[in-house]
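Visitor: Chains as they are written, first to last, in the UniProt record's numbering: chain A, 1 to 475; chain B, 1 to 88.
Calculated directly from the structure, the hints in this document are not laboratory data. Since this is a predicted model, take the numbers as computed values, not measurements. Some hints here could point you the wrong way.
Partner residues aside, some chain B positions facing chain A, computed with beta carbon under 10 Å [claimed, not checked]: (1) N27; (2) Y28; (3) A32; (4) R35; (5) E42; (6) S45; (7) D48; (8) Q50; (9) L52; (10) L56; (11) R60; (12) A64; (13) I65; (14) V72; (15) G73; (16) T78.
Subject to a maximum C-alpha distance of 35 Å in a straight line, what follows is the list of computed DSBU-like cross-link-like pairs (lysine-lysine) [claimed, not checked]: (17) A:K49 <-> B:K58; (18) A:K221 <-> A:K175; (19) B:K58 <-> A:K104; (20) B:K18 <-> A:K389; (21) A:K143 <-> A:K153; (22) A:K443 <-> A:K350; (23) A:K389 <-> B:K58; (24) A:K443 <-> B:K18; (25) B:K58 <-> A:K101.
Reference listing, derived: stretches of chain A covered by chain B, where coverage requires no fewer than 3 residues with Cβ under 8 Å from a Cβ of chain B [what the hints assert, rightly or not]: (26) 172 to 183; (27) 432 to 438.
Glycine is no exception: its CB is placed at the ideal position from the N, C-alpha and C atoms.
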Amino acid sequence: MMSRSVTRKLLGSIRGVSTSARLNCPGAPASAPAAQRGRELIKSRELEKDELRPLYMDFQATTPMDPRVLDAMLPYQVNYYGNPHSRTHAYGWESETAMEKARKQVADLIGADPREIVFTSGATESNNMSIKGVARFYKARKKHVITTQTEHKCVLDSCRVLESEGFDVTYMPVKSNGLIDLQQLVETIRPDTSLVSVMTVNNEIGVKQPIKEIGTICRSKNVFFHTDAAQAVGKIPINVSELKVDLMSISGHKIYGPKGVGALFVRRRPRVRIEPLQSGGGQERGLRSGTVPTPLAVGLGAACELAQQEMEQVFLLGGKTCKAKLTKQKLFICYDHARVSMLATRLVQKIMTEIPDVVMNGDPDQRYPGCINLSFAYVEGESLLMALKDVALSSGSACTSASLEPSYVLRAIGTDEDLAHSSIRFGIGRFTTEEEVDYTAEKCIQQVRRLREMSPLWEMVQEGIDLKSIKWTQH
Amino acid sequence: MAASSRAQVLSLYRSLLKESRAFPSYNYRTYALRRVRDAFRENRSVKDPQALELLLNKARDSLAIIQRQVSVGRMYETQRTVVEPEPK
Chain A
1 MMSRSVTRKL LGSIRGVSTS ARLNCPGAPA SAPAAQRGRE LIKSRELEKD
51 ELRPLYMDFQ ATTPMDPRVL DAMLPYQVNY YGNPHSRTHA YGWESETAME
101 KARKQVADLI GADPREIVFT SGATESNNMS IKGVARFYKA RKKHVITTQT
151 EHKCVLDSCR VLESEGFDVT YMPVKSNGLI DLQQLVETIR PDTSLVSVMT
201 VNNEIGVKQP IKEIGTICRS KNVFFHTDAA QAVGKIPINV SELKVDLMSI
251 SGHKIYGPKG VGALFVRRRP RVRIEPLQSG GGQERGLRSG TVPTPLAVGL
301 GAACELAQQE MEQVFLLGGK TCKAKLTKQK LFICYDHARV SMLATRLVQK
351 IMTEIPDVVM NGDPDQRYPG CINLSFAYVE GESLLMALKD VALSSGSACT
401 SASLEPSYVL RAIGTDEDLA HSSIRFGIGR FTTEEEVDYT AEKCIQQVRR
451 LREMSPLWEM VQEGIDLKSI KWTQH
Chain B
1 MAASSRAQVL SLYRSLLKES RAFPSYNYRT YALRRVRDAF RENRSVKDPQ
51 ALELLLNKAR DSLAIIQRQV SVGRMYETQR TVVEPEPK
């Protein structure tokens with residue numbers, strides 16, 4: 001117990017202060033050059049003119065826009081600038097046609113009816129709308145909401161607001177592989193539960209929840225089921241009727257679309273009623289008033305259509321593009337997915353064969369391959385990120401990176417404090433190349449080795465000392 | 001007819017690759033080249049003339065998109081990424 005709290009002190013609370021302090025732990029020789037290495041806080045600064053740009057490996061934070069999406073959006077930014085709700089002139093009509101076309105494209109991707117799609121400003125707004133909207137609408141008779149501990153901050157925060165309004169919220173724990181326990185879910189559902197919210201693919205560890213089973217459970221108990229599918233839409237096949245989902249949040253900038261737009265799927269059969277958050281002129285069936293941003297909606301639609309096309313292409317792994325060995329996941333029928341899996345396996349295998357004591361967080365099978373969260377033991381996450389300055393990576397989700405605490409998702413899956421602090425998230429997407437993956441893997445291996453050389457804990461482990469049995473003394 | 005179609009397809013393929021090489025952004029460039037090659041390779045045994053016509057139209061549209069996006073990319077060019085080789 002003592003050792004764990006001291007380890008936490010060594011690695012945890014000294015984040016953001018110089019490494020020399022961390023290395024001066026009792027009795028261990030600190031190397032002189034290490035003590036002079038720069039002050040730690042990852043200072044934000046603009047790139048110099050001739051400085052090379054880092055590789056982008058953070059596809060869960062956001063994605064670059066596909067050129068085809070930008071191409072679809074530009075006419076609506078330049079010439080077709082009408083308000084889609086203007087009914088009296090051609091500018092309005094052409095804008096409205098484009099908006100409805102985009103709505104159909106989004107609906108087709110998830111197997112819904114266009115009338116069930118509401119354009120919002122992003123997945124955060126969609127999550128807020130669905131959770132607060134459903135809970136408040138049915139609050140006369142149903143006061144219970146269920147969610148998980150690994151949800152996105154906006155879901156957890158919405159639930160906290162509901163708690164302060166007098167609702168009962170259960171934050172279900174997850175197993176150590178990140179998945180929820182279905183039996184526990186069945187037991188948690190009460191007669192006065194109105195909503196269950198579970199995200200499809202986690203943005204930090206990449207685990208894929210058993211949505212179909214959860215949907216069946218909720219249907220049988222007459223409870224509405226909301227899922228935050230921001231990271232999943234366009235990447236894994238989703239059909240809302242098959243998955244028995246009643247509400248689904250979609251984010252534009254996670255599927256190579258523009259930032260600032262998203263969508264919410266609200267089922268009509270059986271009808272889900274929502275109390276609207278935003279009041280106004282009654283646009284979007286009264287659920288979300290406000291002018292629909294036509295260029296952004298067109299961009300979202302184009303991004304969804306592209307994702308659909310890529311998913312329908314039959315692409316058997318073969319040919320010069322795929323040099324990695326085929327694993328048991330041979331039969332992908334999706335171009336993007338096949339490629340992302342191949343690159344992910346390549347990255348993970350390269351890293352794990354070269355350096356020991358690396359842990360992949362989250363279930364190894366039930367996951368989206370493009371989101372890899374690795375914990376490097378005896379190395380601090382922030383210093384590794386700084387050492388890997390040529391690669392754009394993150395150590396947790398972007399919305400929690402302002403605080404110095406380790407990610408709550410990793411804590412929820414039961415990772416040790418020290419491993420939680422040393423985790424890095426690698427994101428692979430449509431535009432990642434083999435060279436980028438190889439470069440990242442090599443740099444990572446190099447820097448982890450270098451940082452471990454400097455680490456006194458590593459020295460002790462090499463000598464065979466069991467860290468958990470050490471009695472640390474105070475100085 | 002078949003002979004001229006084949007020549008047409010090949011010339012379209014070559015133009016697509018030539019235009020894709022002009023993308024200033026490393027990621028877009030590599031993606032466009034890869035995607036064009038894979039799309040043509042995958043559809044090489046399509047015989048039905050209607051399907052062929054559809055695919056060729058799609059290819060022509062893609063060519064126009066790539067040309068426009070290359071110009072947009074050139075207008076807002078930025079530094080090279082770390083893995084790109086030095087320009088000679």
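Visitor: Could you run down the list of hints and mark each one as holding or not?
Guide: Now the hints, each set against the structure:
1. This hint holds: N27 of chain B has a C-beta 4 Å from the nearest C-beta of chain A, less than the 10 Å allowed.
2. Because the smallest distance between the Cβ of Y28 of chain B and any Cβ of chain A comes to about 6 Å, under 10 Å, the interface hint for this residue holds.
3. For A32 of chain B, the interface hint holds, the least distance from its beta-carbon to any beta-carbon of chain A being 8 Å, beneath 10 Å.
4. With a cut of 10 Å, the hint placing R35 of chain B at the interface with chain A holds, because the nearest CB-to-CB distance is about 8 Å.
5. For E42 of chain B, the suggested interface contact is upheld, since its CB lies about 6 Å from the closest CB of chain A, less than 10 Å.
6. Taken as an interface hint, S45 of chain B does not check out: its beta carbon lies about 12 Å from the nearest beta carbon of chain A, beyond 10 Å.
7. Against a cut-off of 10 Å between C-beta atoms, the interface hint on D48 of chain B is violated, since the closest Cβ of chain A lies about 16 Å away.
8. Given the 10 Å rule on beta carbons, the hint for Q50 of chain B is violated: about 18 Å separates it from the nearest Cβ of chain A.
9. Because the beta carbon of L52 of chain B sits about 17 Å from the nearest beta carbon in chain A, more than 10 Å, this interface hint is broken.
10. About 16 Å separates the beta-carbon of L56 of chain B from the nearest beta-carbon of chain A, more than 10 Å, and the hint is not met.
11. With a least beta-carbon distance of about 14 Å to chain A, the hint placing R60 of chain B at the interface is violated under the 10 Å criterion.
12. Because the closest C-beta pair between A64 of chain B and chain A is about 9 Å apart, less than 10 Å, the hint holds.
13. Checking I65 of chain B against chain A by beta carbon gives a least distance of about 5 Å; that is within 10 Å, so the hint holds.
14. Interface restraint check for V72 of chain B: the shortest CB-CB distance to chain A comes to about 7 Å, inside 10 Å, so the restraint holds.
15. Hint status for G73 of chain B relative to chain A: holds, with the closest Cβ pair at about 8 Å, below 10 Å.
16. A distance limit of 10 Å between C-beta atoms decides the matter here; for T78 of chain B the minimum to chain A is near 7 Å, and the interface restraint holds.
17. In summary, the hint linking K49 of chain A to K58 of chain B is not supported, as the alpha carbons are separated by about 39 Å, beyond the 35 Å threshold.
18. For the hint pairing K221 of chain A with K175 of chain A, the CA-to-CA distance comes to about 23 Å; that is within 35 Å, so the pair holds.
19. For the suggested pair K58 of chain B and K104 of chain A, the alpha carbons sit about 20 Å apart, so the restraint of at most 35 Å is met.
20. The straight-line distance between the Cα atoms of K18 of chain B and K389 of chain A is roughly 33 Å, inside the 35 Å bound, and the hint therefore holds.
21. For the hint linking K143 of chain A to K153 of chain A, the alpha-carbon distance of about 21 Å falls within 35 Å, and the restraint holds.
22. In summary, the hint linking K443 of chain A to K350 of chain A is supported, as the alpha carbons are separated by about 11 Å, within the 35 Å threshold.
23. Between K389 of chain A and K58 of chain B the alpha-carbon distance is near 40 Å, which puts this suggested pair outside the 35 Å criterion.
24. In summary, the hint linking K443 of chain A to K18 of chain B is supported, as the alpha carbons are separated by about 33 Å, within the 35 Å threshold.
25. The suggested pairing of K58 of chain B with K101 of chain A holds, with an alpha-carbon distance near 19 Å, which does not exceed 35 Å.
26. With 0 residues carrying a beta carbon less than 8 Å from a beta carbon of chain B, the region 172 to 183 of chain A misses the three-residue requirement, and the given coverage is violated.
27. Note: the region 432 to 438 of chain A has 4 residues with beta-carbon separation from chain B under 8 Å; the three-residue rule is met and the coverage holds.
Violated hints, listed in ascending order, are 6, 7, 8, 9, 10, 11, 17, 23, 26; each of the other numbered hints is respected by the structure.
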